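Novice: Sequence:
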Amino acid sequence: MTASVRLAAGDRAPSFCLPNQYSSQICLESLAGKVSIVYFYPKDMTPGCTLEATDLNEIGGELQSLNIGLLGISPDSIDSHRIFAERFQLGFDILSDPTKDVMTRWGAYGEKVNYGRKVIGVIRSTFILNPDLTIAHALYSVKATGHATRILRLCEAMAASH
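In this text, residue positions in the sequence shown follow the working numbering: the first is 129, and each later residue adds one.
Taking lysine-lysine pairs in the DSS-like style, the calculated list, with each CA pair at most 27 Å apart, reads:
id, residue 1, residue 2
1, Lys228, Lys171
2, Lys240, Lys171
3, Lys240, Lys271
4, Lys246, Lys228
5, Lys228, Lys271
6, Lys246, Lys271
7, Lys171, Lys246
8, Lys171, Lys271
9, Lys228, Lys162
10, Lys228, Lys240
11, Lys162, Lys271
For each label pair, taking beta carbons as the anchor points, the in silico distance ranges come out as:
id, residue 1, residue 2, range
12, Pro175, Asp207, 17 to 25 Å
13, Ser158, Asp207, 20 to 28 Å
14, Arg215, Glu190, 21 to 29 Å
Simulated from the structure, these hints should not be mistaken for laboratory data.
Just so you know, these numbers come straight off a predicted model, no measurement behind them.
Each residue gets a CB set at the ideal place from its N, CA and C atoms; glycine is no exception.
Produce the entire structure from the sequences given, and follow the hints as far as they go.
Specialist: So this is what it looks like as structure tokens:
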């Protein structure tokens, strides 16, 4: 299975309801009415994913002051997410997509190049959504280092233009 979908600015974000780290169902529609970030990452407790999550957590106060929602999604289990969130004191929901159905519909699962080899897996991706749940920015194959700062700048620019 490869990612044939690539979302772009203006596309409607594919709907979902997934369990968070505490087994509560979180649906995309809960983000309606505010700018939001949905990011997909490969695996809890790995260096790049931990860096990305903790960096996003560090800008959480700034995102909150801008009324910006934040959700992370990976194929890890609810228990793995709970341990990850508690260990790093993450102040946002991380959702479990073990079937990778949501990731596939968002173009965040499929063929990618990893250390020079083509493999099938989670494509580290971030989406910034408009309040009407359309895509404002679709960022595929992002690098974890410096990514939170880039996301914050994009969100600040969106907030300034509204």
